[in-house]
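A.B. asks: Sequence:
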Amino acid sequence: MRFTLVDAAAKQLPPYSLSIKGMKTPTTSAHDKKNKIVSVSKLISASPEQIFELLANPAMHAVIDGSGSVIAPKSSAPQRLSLNATFGMSMKKGASYKITNTVVEFVEGKQIAWRHFGGHIWRYILESTQGGTMVTEQFSYGTSKSPLMLQLTGYGRKNELAIRKTLDNLAKYFADKK
1 MRFTLVDAAA
11 KQLPPYSLSI
21 KGMKTPTTSA
31 HDKKNKIVSV
41 SKLISASPEQ
51 IFELLANPAM
61 HAVIDGSGSV
71 IAPKSSAPQR
81 LSLNATFGMS
91 MKKGASYKIT
101 NTVVEFVEGK
111 QIAWRHFGGH
121 IWRYILESTQ
131 GGTMVTEQFS
141 YGTSKSPLML
151 QLTGYGRKNE
161 LAIRKTLDNL
171 AKYFADKK
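With the numbering used here, the residue at position 86 of the sequence shown is 86, and numbering never jumps.
Since the hints were made in silico from the structure, they are not lab data. Every residue gets a Cβ at the ideal spot worked out from N, C-alpha and C, and that includes glycine. Incorrect hints may have been included.
Here are the in silico distance ranges between beta carbons for each label pair [stated by the list, open to error]:
{"#": "1", "residue 1": "K178", "residue 2": "T143", "range": "34 to 42 Å"}
{"#": "2", "residue 1": "L148", "residue 2": "G109", "range": "31 to 39 Å"}
{"#": "3", "residue 1": "S67", "residue 2": "K33", "range": "27 to 35 Å"}
{"#": "4", "residue 1": "S75", "residue 2": "E53", "range": "18 to 26 Å"}
Listed next, the in silico SDA-like pairs over lysine to any residue satisfying Cα-Cα at most 20 Å (straight line) [stated by the list, open to error]:
{"#": "5", "residue 1": "K158", "residue 2": "G68"}
{"#": "6", "residue 1": "K98", "residue 2": "G66"}
{"#": "7", "residue 1": "K92", "residue 2": "D65"}
{"#": "8", "residue 1": "K33", "residue 2": "G119"}
{"#": "9", "residue 1": "K93", "residue 2": "T153"}
{"#": "10", "residue 1": "K92", "residue 2": "G68"}
{"#": "11", "residue 1": "K34", "residue 2": "W122"}
{"#": "12", "residue 1": "K172", "residue 2": "E49"}
{"#": "13", "residue 1": "K98", "residue 2": "A59"}
{"#": "14", "residue 1": "K165", "residue 2": "G66"}
{"#": "15", "residue 1": "K165", "residue 2": "M60"}
{"#": "16", "residue 1": "K178", "residue 2": "E53"}
{"#": "17", "residue 1": "K33", "residue 2": "L161"}
{"#": "18", "residue 1": "K74", "residue 2": "N84"}
{"#": "19", "residue 1": "K33", "residue 2": "G154"}
{"#": "20", "residue 1": "K177", "residue 2": "M134"}
{"#": "21", "residue 1": "K110", "residue 2": "L54"}
From just these sequences and the hints, can you work out the full model?
C.D. replies: In structure tokens, the structure reads:
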């Protein structure tokens, strides 16, 4: 399953470049407030297949998480995600809690997305390019049960910062593998 309308809208966003100290590859970021999508892209020195394998493994999410809230998968989580798979994660944002996600988009080696009961979606789009893979992570809160609340509390901006850090962690993970 693929949310073509959302993806097409996100790809048409006018990105702006961010200069982040110590980064070897530029990060591009955009916040489409009309469609309620935060998008951040970064070139990662790894193949789409390598990156997808990491993203499809819930045990690796804590390794790259830039929000600091992902602790570990619940023991019932599958080792590898697939379309409609559910996976629980132990989380901590102030207090510890557990959350169950469902994979809502899955295109092998290219795209994976999941959402929890709140309805907002975390999506990764992988595009092979010279020098590696352009990884776009999106936080889509237009599908949320309470998008206005997320917008008013600055959740889009907070997620943008966490996504940037996640992509930096992803780049570092594969750089350290070389």
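A.B. asks: Please go over all the hints and tell whether each is borne out by the structure.
C.D. replies: Hints, verified against the model:
Judged by the Cβ atoms, the range 34 to 42 Å given for K178 and T143 holds: they are separated by roughly 37 Å. Take L148 and G109: their Cβ atoms lie about 36 Å apart, and the range 31 to 39 Å holds. In this structure the supplied range 27 to 35 Å is violated for S67 paired with K33, their Cβ-Cβ distance being about 21 Å. A beta carbon spacing of about 21 Å between S75 and E53 agrees with the range 18 to 26 Å that was offered as a hint.
Between the alpha carbons of K158 and G68 the distance comes to roughly 12 Å, so the proposed pair stays at or under 20 Å and holds. At roughly 18 Å between alpha-carbon atoms, K98 and G66 fall within 20 Å of each other, so this suggested pair holds. The straight-line distance between the Cα atoms of K92 and D65 is roughly 12 Å, inside the 20 Å bound, and the hint therefore holds. Using a Cα cut-off of 20 Å, the hinted pair K33 and G119 holds, with the two alpha carbons roughly 17 Å apart.
Our distance criterion of 20 Å between C-alpha atoms is met by K93 and T153, whose separation comes to about 15 Å. Our distance criterion of 20 Å between C-alpha atoms is met by K92 and G68, whose separation comes to about 8 Å. Straight-line distance between C-alpha atoms of K34 and W122 comes to about 17 Å, which keeps the hinted pair within the 20 Å bound. For the given pair, K172 sits about 17 Å from E49 by alpha-carbon distance, which is consistent with the 20 Å threshold.
Using a Cα cut-off of 20 Å, the hinted pair K98 and A59 holds, with the two alpha carbons roughly 15 Å apart. For the given pair, K165 sits about 5 Å from G66 by alpha-carbon distance, which is consistent with the 20 Å threshold. The suggested pairing of K165 with M60 holds, with an alpha-carbon distance near 15 Å, which does not exceed 20 Å. Proximity of K178 to E53 is assessed by CA-CA distance (about 17 Å); at most 20 Å being required, the pair is judged to hold.
Restraint check for K33 and L161: satisfied, since their Cα atoms lie roughly 16 Å apart, inside the 20 Å limit. Proposed proximity of K74 and N84 is supported: the alpha carbons are some 17 Å apart, at most 20 Å. Proximity of K33 to G154 is assessed by CA-CA distance (about 12 Å); at most 20 Å being required, the pair is judged to hold. Our distance criterion of 20 Å between C-alpha atoms is met by K177 and M134, whose separation comes to about 18 Å.
Between K110 and L54, the direct Cα distance comes to roughly 12 Å. Compliance with the 20 Å bound is thereby established for this hinted pair.
In terms of the numbered hints stated before, the structure departs from hint 3 and from no other.
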